[in-house]
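**Student:** Grab the two chains, each in its own frame, and use the hints to assemble them into the complex.
Line by line, the protein sequences are chains A and B. If you count the first sequence from 1, position 95 lands on 95 in my numbering, and the numbers rise without skipping. Just remember that my numbering sits 1000 ahead of the position in the second sequence, which is counted from 1.
All clues stand as given, with none of them false.
With a straight-line cut-off of 20 angstroms between C-alpha atoms, the simulated SDA-like cross-links for lysine to any residue are: (1) LYS1304/B x ASP231/A; (2) LYS1027/B x GLN232/A; (3) LYS1294/B x LEU239/A; (4) LYS1294/B x ARG183/A; (5) LYS1294/B x GLY234/A; (6) LYS250/A x THR1301/B; (7) LYS1304/B x ALA242/A; (8) LYS1304/B x MET224/A; (9) LYS258/A x SER1299/B; (10) LYS1304/B x ARG236/A; (11) LYS1176/B x THR233/A; (12) LYS1304/B x ILE243/A; (13) LYS1096/B x GLY1056/B; (14) LYS265/A x PHE1296/B; (15) LYS1233/B x TYR1222/B; (16) LYS1294/B x PRO238/A; (17) LYS258/A x LYS1294/B; (18) LYS1294/B x GLU261/A.
To list a few chain A residues with every Cβ distance to chain B over 12 angstroms, as calculated: (19) ILE48; (20) ASP200; (21) GLY279.
Source of the hints: derived by calculation from the structure; they are not laboratory data. Ideal placement from N, C-alpha and C gives every residue a C-beta, glycine not left out.
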Amino acid sequence: MTRLLLFLLLAHAAMTKTVLVVTADASDFVLGAGGTLASMVTQGDRAILLRVTNDDKDSWDLGPEETAARAKSEVEQAAKILGIERVHSLGYRAGELGGISPTEVRDRILFYIRLLKPDVLFIPNPYAEYVEVLDRHYTGMAAEEARRIAALPNHQPPFVQVGLGTHITPELYYYAQPFDPRRREPESTPTFTPQPKVVDIAESFDKKLQAAQALTTINYAMAMRIRQRLDQTGRRLPLLDAINAESIRKLVDVNVRKLAEIAAKDSPYRQAEEFMYAGPDHQIPETFRKAR
Amino acid sequence: MKHAPLLLFAVLLPAQRLPLVAIPPGKVLLVIQPHHDDHTTDYGMGGLIAKFTDAGYESWFVRASNDEKDGAHGYPHNDMINLRESETATRILGMKGVYSLNWRNDYMDPTPLQELRAQLVLLIRKHRPDVVLGHDPWGHYDRNPDHRKVARAVGEAVWMAGLANIHPEHLDSGMKPHRVPYLFWKARVDYGRGHRPNAAVELNESQVKRKEKAYSTHRNVYASPSMARNVRKMLDSEGLKVSELEELTDEEAAVRIEEWHMDWISRKRGAENGVRYAEIYWFTDEWDYLPGLKDFLRSNTATK
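Extracted from the complex, chain B is given alone in its bound form (with noise of 0.2 angstroms):
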C-alpha cells in the first residue's frame, strides 16, 4: 500500500502527448500496403492520405495481395471486387491509382522477399516519392503473415532503391536511384507493445469525413447488412434505441456504424493529442537513418 499514491498520481497524469507532424515537403506519395483496406482502416491511413491530397500531393496505392480470402464470394470473384473497391475507396482520398501486385492473400509468408521488394524497388524509381506510407517492418504481435512479409519488403526497399547496384538494370531503362526521405509506419496500436508511435498527424473534418467514406466504400468486408442487424438486435437486447438508425435500411445502417467508427478513432486520437481530430504513426524524418549526423545536417544546411 506504500505505493498508493504514487499509483493514484500516475493515473490521474494525462497520457503524453505526441509531438505533432506537418506534411513534409514534397510531391509524391506512395502508400504500399499487402491489402485492398489497409489504406484506411481504424488503425489506418485515410486521414493522411486525404491530407496529402489537400497539401497538392500526387498519391499512388500499391496493393500488394490480391485479396482473395476478404469476402463471401470466392477466390477470383473477391479479388475483382476488393479491386475496384480500392480503386472507387482510393479515388475519395484523391489517390491517381491503383497497382494490384496480385500475391496470394494470406500467403505471403512463403512470398521470397527479394522479388517482391524489386517490385516495390521499381515502382519507387518509376514514381520516386517523397513519402511512403506503409506498414511497420518492427511491429510485433502482426497475425498476418502478408503485413509481416509486406512491412519488411517496403521496409528495405524504401532505402535500396537509392543504391545504384540494387537492380541496375532499372538503371538501363532510364530509371535513376531514389532513397525515400519520409516514412510514416503504421501498425495496430493495440498488438502488444510493438508499434509506439513517435508523432500525431491533425486532421480536419473533411479529411476525417473522406477517411469514413472510403472505409465504408469497401463494402465486400466491411459495412455488411449482417452487421448492422446484429447491433439492432443488441440494441433491442438492452432497450436501447438510436434514432438516426431508425429509418435506415440495414445497409444502410451498416455504413453509418462503419462512418461513426472512423470518426470515433479520429476523435479519440485527436483528444490523446490535444487536438480534434488526429491519426498517430511512427514517422521517420529524412536525416534519421544516420543518428550520428542528423543533428548536424539540421543545424548547419541552408537554402542556396
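Okay, chain A solo, but in the shape it has when bound (with noise of 0.2 angstroms):
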C-alpha cells in the first residue's frame, strides 16, 4: 500500500507542471491569462507570478508610494484567489520600462527561469499591436528573450556557477488583451511557431472575475476616469452615478464577462482566452518525433 502511495505520489509530481506567470502589471496577467491559469491550478500545476514593475502609477488621488503597497497586496490577494503559489517582483517604477536597459530586465527575468525551472511560461506578448501600456511590450520582449538564453550556458555564467543550470522551457504561452486587431491570423506559414489558440476559461471563469475584483486600487481608478471624462462631456452612466463598492463591482464584472466573450468568438467554447502558444513542437517538431 505504501509503495502503491509512494508509486501514485511520484507519477503525480511527474505530471505536476510548474507554470512561471510574467506579468508586467497587476491586471494584465488576471485579463489575459487568469482563467487559464486558474484552471491549470485545479489540475495540479504549480504557478508563481513574477512582477516587473510595481504599479505605482495607477490609482486615483493617491501617491505613487501608497498606491505601490496598495497594489502589492491586491496583486497578491488575486493570485491567491487564481491559485498561484508565490509572487515575486522585480519592482521597477510603472511607466518606466522603455528607460531601462533591456539586458538588465531580460537578466532577471533569466534568473527566475533557471531558479524554478518552468515547464510552462506565460508572458506578454510584445508582438500584440495597439496595446498602449508599453510596459507590456518590453516586459514580453525581455522574458521572450529570456526563455531562449536560458538554454545556453554562456548567458550568465555566474548563474551557473551557483547552481542556476540552464533551462528549456517546453511551453510559451503569449498573452494580451484583445486589442490587436490581427490578433488571430496565422503567423507566417503554418509551420512557424507560435500559432493562436483559443482556451475554454468557463469552468475557471469565476475565479477569474473574483481575481480582477480583487484589484480594488486600479478598478476605483479606472471607474473615476469613466465618469470624469462622461462628466467632462456633459454624460452620464446611470451605473456610476454612484461609485461604490457594488457599482465597481458591477463595472468590472461586464469588463470580465465581455473580454471572455470576445475571446470565445468563433470558436465551440462560451468563455475563453486567446493566446499565441508555442508548445513542445516548437523545440522538436511532431513529425520529428513520431519518426523516432
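**Tutor:** Quick look at the structure:
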C-alpha cells in the first residue's frame, strides 16, 4: 500500500507542471490569462507569478508610494484567488521600462527561469499591436529573450556557477487583451510557431472574475476616469452615478465577461482566453518525434 | 489551375472600403510629428488638419526634431528654414502655432524616451487636446529612427498624461491630468503590412487645396526647380507635353507638380473609399482602450 502511494505521488509529481507567469503590471495577467492559470492550478500544476513593475502610477487620489503598497497586496490577493502559490516582484517603477536596459530586465527574468525551471511560461505578447501600455511590450520582449538564453550556458555564467543551470521551457503562452485586430491571423506559414490558441475558461471563469475584483485600487481609478470623462462631456452612465463597491463590482463584472466573450468568438466555447502558443513541438517538431 | 476562377473573382472584387469617420466632438487638436513636413506629406494629415480647422478646432503642431538634415543649406540653416516653412505651412492649414522640441534630426534612436515623453505629457496637459494626430506607434518597416522614437513617445504620452502619478510636478504648477480621448495614427501604407488603416476621412476640395498649398510651401525639401527640370527631361525623352507646365518657370512647375501629387493621392484614397477625396488612418475612439467595456459604455451612456 505504501509503495502504491509512493508510486502515485511520484507519478503525480512527474505530471505536475511548474508554470511561471511573467506580468508587467497588476491587471494584465489576470485579464489576459487568469482563467487559464486557474484551470491549470485546479488540474494540479503549480504556478508562480513574476511582477516586473510595482504599479505605482495607476490610482485615483493616491501618491505613488501608497499606490505601490496597495497594488502589492492586491496582486498577491488576486494571485491567491487564481491558485498562484508565490509572487516575486522585480520592483521597476511603472511606465518607466522604456528607460531601463532591456538586458537588465531580461537577465533578472532569466534568473527566475533558471531558479524555478518552469515547464510552462506565460508572457505578455510583445507583438500584440495597439496595446497602449508599452511596459507590456518591453516585458514581453525581455521575457521571450530570457526563455531563449536560459538554455545557453554562456549567458550569465555566474548563475551557472551558483547552481542555476541551463533550462529549456517547453511551453510558451503569449497573452494580451484583445486590442490587436490581427491577433487571430496565423503568423507566417502554418509551420511557424507560435500560432493562435483559444482556451476554454468556463470552469474557471468565476475565479478569474474574483481575481479581477481583488484589484480594487485600479478598478476604482478606472471607474473614476470613466466618470470624469463623462462629466467633462456632459454625459452620464447610470451605473456610475454613485461610485461605490457595488457599482465598481458591476463594472468589473461587465468587463471580464465581455473579454471572455470576445476571446470565445468563433470558437466552440462560451468563455475563453486567447493566446499565441508555442508548445513542445517548437523544440522538436511532431513529425520528427514520430519518426523516432 | 483549379483555383483560377476563384482568383479571377478575387481580382474583380472591389477593395474593401473603410468606414468614414466624422470629426470627433471637441475643440483642441495637437499634431505631434517628428519632422517639419510630416503634417502634410503624401501619406500625411494636411487634409484632416484643414477639416479640423473648418470644424472650429484650435490646433497646434509639435515638431520633435530640428530637421537639420533636410535641405541643401547645411545644419543650422536647414533647421531655421524648415522651421519657418513649417510655421507658414501650418498657418495655411489654420493651425495656431508650432512647438519645436529641437531633438537632433535622424539621431533620435538614442534620445531618452522618457525625456521626450515628458515634454509631450507637459504639452498635452497644457493644451488638453481632444484629438492627437501622430505617427503610428505600431507601424512596421519604418526606416526613420525619428519616426519610431516619436511614435513610441506619443503613444505613451497620450494616456499617461491622464495619470496623476506621472510627472506630479506638473500638477504643482496648476495643470491637471488629461487623457487624450481620440487618436488618429498615420504611417506609410506602402511600408509593408505594419499599418492597416481602419478609417477614412472624407475631404472637400477646399481642404485638399489647402493641403496642396501647405505641402508645396516646404520649398527647402519639396518643389525644387531641379525636380521640375528632371520631369521636363523625362517628358521630352518620351515625346510628351504637358501644356500647363509650358509657361511656368522651373520653380512654378515644381510647385504645380507637387500639388498634382497631393491631388492624385487624395483622389486615389477617395476612390478607394467611395468618395471624391479622402485620407486614411488608424483611428482610436474614446473607449477603445477598454476593450471589454467599450460596447457597454457606448450603449449605456446618456446626455445629462
